[in-house]
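From the two separate chains plus the hints, produce the assembled complex.
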Amino acid sequence: MKRAGKRLGLVFFPAFDWAISADHPEREERLLYTRDQIVEEGLLDLPGLVEFKPEIANEQDIQRAHICIPDVKSVCTKSHLVAAGGTITAAHKVMNREVDRAFALLRPPGHHAMRLVHGSRGFCTINNEAIIIEHLRHTYGTRMKIAVVDTDAHHADGSQDIYYNDPDVLHICLHQDGRTLYPGTGAVNELGGPGAYALTLNLPLPPQSGDSEMLYGLEQFVLPVLADFKPDIIINAAGQDNHYSDPLTNMNVTARGYARLTELLQPDIVVLEGGYSIEGALPYVNVGIILALAGLDYTTVQEPGPGPAEAPAAVKEAVRRNVGFLQEVWQRRRKIDLDEVFGPGPFYKRQRHIYYDTDEILEKQQEEIRRCEECSGYRVIISAAAKQRRAGKMVAAVIIPWHACKSCRKGAEEAFERLKREGQLELVYLQDVEKDCYNTVPSISV
Amino acid sequence: MSRIIGIDVGGTNTNAAFVQDGNLIAIASCPTNHQDLLSTTTTVLERIASNIPHPEEQSLRLHLSTTLTTNAIMEGRGEPAAVIITHGPGVNPTDLEFPFPSFPVAGAIDHRGRETEPLNAEEVRQTLQRIRRNGIRALAVVGKFSVRNPSHELEIEELVRHEFPEFNAVTLGHRLSGRLNFPRRVVTAFLNASIFRLQAEFASMVKGISGRYGIQDPIFLLKADGGTMYLPESLVRPLETVLSGPAASIMGALALGEYSESHTAITLDIGGTTTEIAVLVKGEPLGERDGAVIANYRTLVPAFFTRSVGLGGDSQIRWSDGSLQIGPEREGPPVALGGPCLTPTDAVIVLEDVPLGDVKKARVELERVGREAGLAAEELARRIIAAFCEKAVREIGLVLKYLNNIPVYTVSEVLAPRELKPEKLIGMGGPAGYFLPKIAAAMGIDYQVLPCAEAANAIGAAVSRPTVAINLRADTALGKLVVPELDLMEDIQRAMLFDVRKARRMALEKAADFAVRTGAYQEAPEIEIGDEEVFNVVRGFYTAGKIFSLKAQVRPGINRVKIPYAWVQYGKKE
Ligand SMILES: [Zn+2]
Ligand SMILES: [Zn+2]
Chain A
0 MKRAGKRLGL
10 VFFPAFDWAI
20 SADHPEREER
30 LLYTRDQIVE
40 EGLLDLPGLV
50 EFKPEIANEQ
60 DIQRAHICIP
70 DVKSVCTKSH
80 LVAAGGTITA
90 AHKVMNREVD
100 RAFALLRPPG
110 HHAMRLVHGS
120 RGFCTINNEA
130 IIIEHLRHTY
140 GTRMKIAVVD
150 TDAHHADGSQ
160 DIYYNDPDVL
170 HICLHQDGRT
180 LYPGTGAVNE
190 LGGPGAYALT
200 LNLPLPPQSG
210 DSEMLYGLEQ
220 FVLPVLADFK
230 PDIIINAAGQ
240 DNHYSDPLTN
250 MNVTARGYAR
260 LTELLQPDIV
270 VLEGGYSIEG
280 ALPYVNVGII
290 LALAGLDYTT
300 VQEPGPGPAE
310 APAAVKEAVR
320 RNVGFLQEVW
330 QRRRKIDLDE
340 VFGPGPFYKR
350 QRHIYYDTDE
360 ILEKQQEEIR
370 RCEECSGYRV
380 IISAAAKQRR
390 AGKMVAAVII
400 PWHACKSCRK
410 GAEEAFERLK
420 REGQLELVYL
430 QDVEKDCYNT
440 VPSISV
Chain B
0 MSRIIGIDVG
10 GTNTNAAFVQ
20 DGNLIAIASC
30 PTNHQDLLST
40 TTTVLERIAS
50 NIPHPEEQSL
60 RLHLSTTLTT
70 NAIMEGRGEP
80 AAVIITHGPG
90 VNPTDLEFPF
100 PSFPVAGAID
110 HRGRETEPLN
120 AEEVRQTLQR
130 IRRNGIRALA
140 VVGKFSVRNP
150 SHELEIEELV
160 RHEFPEFNAV
170 TLGHRLSGRL
180 NFPRRVVTAF
190 LNASIFRLQA
200 EFASMVKGIS
210 GRYGIQDPIF
220 LLKADGGTMY
230 LPESLVRPLE
240 TVLSGPAASI
250 MGALALGEYS
260 ESHTAITLDI
270 GGTTTEIAVL
280 VKGEPLGERD
290 GAVIANYRTL
300 VPAFFTRSVG
310 LGGDSQIRWS
320 DGSLQIGPER
330 EGPPVALGGP
340 CLTPTDAVIV
350 LEDVPLGDVK
360 KARVELERVG
370 REAGLAAEEL
380 ARRIIAAFCE
390 KAVREIGLVL
400 KYLNNIPVYT
410 VSEVLAPREL
420 KPEKLIGMGG
430 PAGYFLPKIA
440 AAMGIDYQVL
450 PCAEAANAIG
460 AAVSRPTVAI
470 NLRADTALGK
480 LVVPELDLME
490 DIQRAMLFDV
500 RKARRMALEK
510 AADFAVRTGA
520 YQEAPEIEIG
530 DEEVFNVVRG
540 FYTAGKIFSL
550 KAQVRPGINR
560 VKIPYAWVQY
570 GKKE
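Taken in sequence, the protein lines are chains A and B.
Counting from 1, position 43 in the first sequence corresponds to residue 42 in numbering that gives the first Met the number 0; the numbering is continuous, with no gaps.
Counting from 1, position 497 in the second sequence corresponds to residue 496 in numbering that gives the first Met the number 0; the numbering is continuous, with no gaps.
With the rest of the complex left out, here is chain B (with noise of 0.2 Å):
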């Protein structure tokens, strides 16, 4: 039997879900205290374990989803930490603006994962002693190419453990991803390596809720992939865990959404400020195409693909120039709850009479701004949402147009255009229920909204499994095997037999290895092979070997959950 709590610690509102074997049977919500996290976590967790039937009967697991590396990232809160790169050949590194200290230092790699420079070991050591004397603890190490070939990274490794044992731990670029891209490297171990204090004091907190309301260990937290780790190993990738909050609510849309398998759909969550659109393609969301970008840094942690608007049912709404502005900004809640100015939300109050606040002050607001535009204040509402309609069609249209522009490099896959066009909306959040079915009629598809949308992040929480990813690259002209996830670098035997069956067969293994070596699970789960790419290495006029990379992983898995029926209120369709 399968017994979950998702928890989402939100902006707002803390929500939680209880699943049993696919069945929604409890949600609970409390207001988020963004200065204890963890009493927020406690609060809610008692709030729906009183709601469990037999809590103590049976074990729970417990899948949490907090803001807590999103905003220690967004408000700067990280502990200070250093970068030393060795950075090689290529772009001035002075040009990469990092903002962050970053120390260069000789040594490279090429793209082929050849050593072209050795390090200097004399030049490490006073670079750590510089950043030693200027207080900083928190370290990461990033070589380009280091993925090709990790050996200087672990070097410095071993030199910090050795001589610098004060450096409390240090994130080493070529473990948090396999993929190529420097910059990013840098910036994703050195925010990895500055809220890595944070999150093992938070992971030593949760993990005192263990053994309360019969949850046990294992705990696991939500990633920004839609997929969840184990608590222990968030400490080695705490950047995982950023940006959990839209991939749980895009995981709640996938199990409480209507859709096939060959639907191409799109989810709005239609929040107060924003508006978060992902895209569904056969079912399954879309990933962005390096990784997550967060606070304007662009990292490699991997990510659903999300594109947030100023646009929701709080914007700001101005009368300027013969138009209607909506947004991006939010002052304040709407009118009718007593905000500064008029918003989307009022506009809805007034036309639909929705018993929400102060009709009447809404309706003063849109009659005074509508003597402005010279409108009435029936006609201003329904313009304020025609116009928030058309802004998100064409914010659908421009991410679109977006994910269908984006180059492709082979013959076959330009010829083969595989555009997009959604056949459905799937919408959550407070405003969805009136927006939705116009902004699909203005599309002409389909729509639904979310059941229990309040608790879908939660939902989405509960049903998530760990996801793991692994890289392997072998390149049998130069004999050489690496999977830098694992830090394994090994020489190929009998390289003219290395084909893509056996690149395929090491590369599942790995990740089956990692799989269980990071607790996501007890025993070999059921991977895939991505990415594959296979290039014969041609030189002089015959074939000296070939280069292999693919990618083994452990995608999110889709788990529908079944909600009681009184629980259900389905969009009307048109």
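Only chain A is shown next, with the shape it has when bound in the complex (with noise of 0.2 Å):
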């Protein structure tokens, strides 16, 4: 077979006996045409491509990117820590070169979980791309350039909430329309925290968006969004659900859209995020996305049966307008009076409700965070979750972020002592990540 003219790693884990439950979508079931299609390809022959058995993440991996209420064992089952893992792995061989791309194509998947952990939504319960970002950050520079494209029909309101206002991760999400789908967030005016401001960026496709629209999305907002922020990774969260079989959407993708997506975007890291028509498309855009990762031709792929229609006029004018808005928030990001957008005070205060739909939870979140001109400000997050409609303790989170500056931490310091007398709270947990340090205790009444 022709030798791939890019050393690829695959970090191929199905996970083959877990599942959410027995006809949940995220069940056993749903890479095993994949695997069938990519073994009978025999494209793990592949001269140039390495498959990678996935190793397991530990606590630690999880606690850089995630506060998980109560903890982290409490939450993640084995599964997650493999799919975590496994993300790593495929990070550290494109690190150590000993592959140019690495493809993660595992599951379970994770860009709908926040940075506060009180169970599953949206089939996400740890989030595999913060993770491996936390990881690089500490291997390989603590100031390393990271950009994300989450091109999953799905809006990554999980990996947007926990990159919301970091200052070295860009965030660019292309996803259907949240008005017409979970978790009915990703609109263009979502563009991040007063620490980063527009480097949130949000492409909502409205249904019925194809190919072309994906594309021109991708090749007239993304990839010079790129150009400028020039990111030392690019990760891309390979969501399948655009396509046009999915059960749960209403995009018309295709697998070749996919691959021609990929080739395009060149992402260092590619993985899977959701996709649910498990037989007339994943086995098909997965080996598309790894015939483009590996530099050879995916024209060849193509899904039986009749393809998509072309999408109306109205909806590519709607791709346009967004495009151009997006186009305009770039270009005057710098610009952008920032009190405006956030108000003028020492702290930017937001209200939150976030519903976890697969675990039946209901969180009511409020933020603090600090506006600082030396860094991106600490967070204070206060954090109530009712399961299945039973009242649920209160529990807050004082998030110290990478590079902070002094005043900040001891600001961050202050709080969490404050916190740790207030009585209502239930446990108090402390986030440092430049320190590695992961604090949890038990609020005291005096």
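Since the hints were made in silico from the structure, they are not lab data.
One or more of the hints may lead you astray.
Stated by the list, open to error - Facing chain A, a subset of chain B residues (Cβ under 8 Å, in silico):
#, residue
1, SER49
2, ASP94
3, LYS143
4, LEU179
5, ASN180
6, ARG183
7, ARG297
8, PRO406
9, VAL413
10, LEU414
11, ARG464
12, PHE540
Fair warning: this is a prediction, and the values are worked out from it, not measured in the lab.
Built from N, CA and C at the ideal position, the CB exists for glycine as well.
Spelled out as structure tokens, the structure:
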């Protein structure tokens, strides 16, 4: 077989013995047909492709990205640790140049998992992309600039939440318009926090968008932004549910469209996210992505049966409008008056309701981010989660960001001490990624 | 009473062993004449027959391992063959870059065995005419996912049979292996077609032997998986006889070795040019994950896992940039035996004063290279031996690292890693007696140098039994059952009642039929179920059925052989 133009690492982990529940879309069968197609195509024999066994992520790997409530053990299954570990393996193989690119083709997915984790939402519990980003920064340099391009049909609200205020991580998300699909967020005007404004970028695509719309967004918007941002690493969170046959979405992307996207984007690390057309899409999309990553011809990859229709003119127009808006945001990002966006006070405050559909949890969050000239600002989150309508207790989390300035570090530590003494909180967390230090204490009434 | 002659036609020598009821009675050998394998076989047979008590009284079985097909492939002496492929969507067939003519035609089957594009008979005809015009008469037909639904391959076979009888035999991909991997299936079918005629000629010659020396039909041929196949069956699947030599050697190690069933052991066959490494886990040899690789052809032929390292008694030794280089090339025999350059064997001869060849010559060469290196002859010899052992240990380490890192696809397998830690080295081959104790000492494990190692392959051939495997896939959601090896495709009746017990029962029955039909066994042998997978097929939030995939097989038998006390030469334990 022809040699791959790029050396490609593959971490394939279909978790054939793990399901959320027997008939859930995240079930044993999900990557069965993909495995069959990859093996039958002989891709594991492809010269230049190396298959790697996933490592198992440890508690520290998870804590760098998440605050798990009450703790890592209670929210993660072994399967999550293998999927996160497999993503880490993929990243390592690229960083130490064993391969040029790597594809973590594994499940369960992670891009709906936010920084605080009370349970599972959108089939996700821990965020595989965030876990490798933190691992990379700890292993290969804390000033690494990383771009995540999420091409799942669902808005990556989890990854957005984690990197919403991180100036070293650019998060671009292309997805089906949130007004028509779970989780509902991801509008063009969600642009990140005061410490990383316009580094969260969302391109919603109306239902019926297909290859040309997605590729238009990529070429006109994503690629120029990446060229400006100059990331050290590009991660593609490669959900495959934009496919025209996906049962959960209303998009019209094809396997070749995904392959072309991969070819244009040239990601260093690709991580599978969603995609639930397990017979009609995934086998073909994954073969297309592997071929595109390996620099081989993918134009002969085609799903059986008739393909999707071309998008209506109104859809194309809406995509052009959104792209135009975002191009302007990106151009003007340094001239925007942040006081106008976040208010003039020393803290930016927001309140949110977060719904965990998979575990039926409703979380109420209050968040404060310190507006800081020196760094991206420390954060304090108060979170109350009600599980299956039973009110849960309140917890608080203090987050010290990467490269926190002295006064933010001091402010965060003081906030932690203060919260520890607040009676109505059950647990108080301190996440200090830079010192790699994660504390949990029960709050004491005084 | 079981009376078996095992013959291994090797690269240099041909060996024979006579085993009666588990006792080694006689061995014999002669040099191999590659131009005339039949006369080589007859010569060694004559020699061993003269050592067999009362050869006329009882019938003898013959188990034959030859390099015939292996060499034909290595030397590119197969008959020109062409492959018609129905590739369907996926990897561009031109990127498959087969080093032989392949002809893509329309027709596609998907991963669940559903036809997604029909064959175009007219296109197939035109393709066959083109192949015929090129003067090619050996033909293979292979479809992507044909093991899930062989109907396209079977249709083309029918068409050839009726309209193109000049193609002597058509190899169909799905019959050769039930495993997925289309490119390997194409390669496997091509090689099979290309050696078909050669094997047919050889089989008819070998048949002529039967009757002589009391050898009765059946004659069995060794396979790469350490099993045997009935001679007439080798006409259908001649490719399975490739790499039978290394397999026979591992079977010999199993027959002669001292190990327990809980042992993980490494076998080292140290030859002149190479060392072959194989691994026993719980007393059984590991197999290749996908299939044998021969002359860079990746096939689906079931084979023992072996890794060949360019390290042997005759490996070339060079001193360059202040360090010793051993191998991987062999330039010729040791200096002591008139060879052109220094070898590990020369170092052993000088250090241990072994009466082999011209010790003086070896010493002079050691001294010459020693001057280059600034070392005395003895010191250089010691370093050569140390470097040999180091390289062997390193290569064994790489093999174990590879095996320990083979990806697995379930959470439970990832969490329960079975790291291979060898407890014993089993060695054979000329230099093994000297090097094995040192390699074992460096690894800190036990070792055994096999007695009668020179005849291990022949002994291995004698003790092997027929192996048979079929793959059954039942998809109750589609109501289809396939056993590709048997051309079997049927509708599942009462799919709701089809469960894993039924799947196993059917697989066992089909494998037993297959074993008897192919002459492997006269009556149904003991069959095991392996590689079992069961998946629920869920559509629209309800269970639409199940997919069962399983393999039913007769694995290589492990039969110990007792050898006459006088022949036993155990390695000294340190
Ligand atoms: Zn999704
Ligand atoms: Zn600050």
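These are the hints, each one checked on the structure:
1. SER49: Violated - the Cβ of B/SER49 stays beyond 8 Å from chain A, reaching only about 49 Å at its closest.
2. ASP94: It holds, given that the least Cβ distance between B/ASP94 and chain A is near 4 Å, below 8 Å.
3. LYS143: This hint holds: B/LYS143 lies near chain A, its Cβ roughly 6 Å from the closest one there, short of 8 Å.
4. LEU179: 4 Å, holds
5. ASN180: 5 Å, holds
6. ARG183: Holds, because the Cβ-Cβ distance from B/ARG183 to chain A comes to roughly 6 Å (cut-off 8 Å).
7. ARG297: Holds: closest Cβ of chain A sits about 6 Å from B/ARG297, inside 8 Å.
8. PRO406: Holds, about 4 Å.
9. VAL413: Hint on B/VAL413: holds, closest Cβ of chain A at ~5 Å, below 8 Å.
10. LEU414: 6 Å, holds
11. ARG464: 30 Å, violated
12. PHE540: 5 Å, holds
Against the hints set out earlier in the document, violations occur for numbers 1, 11.
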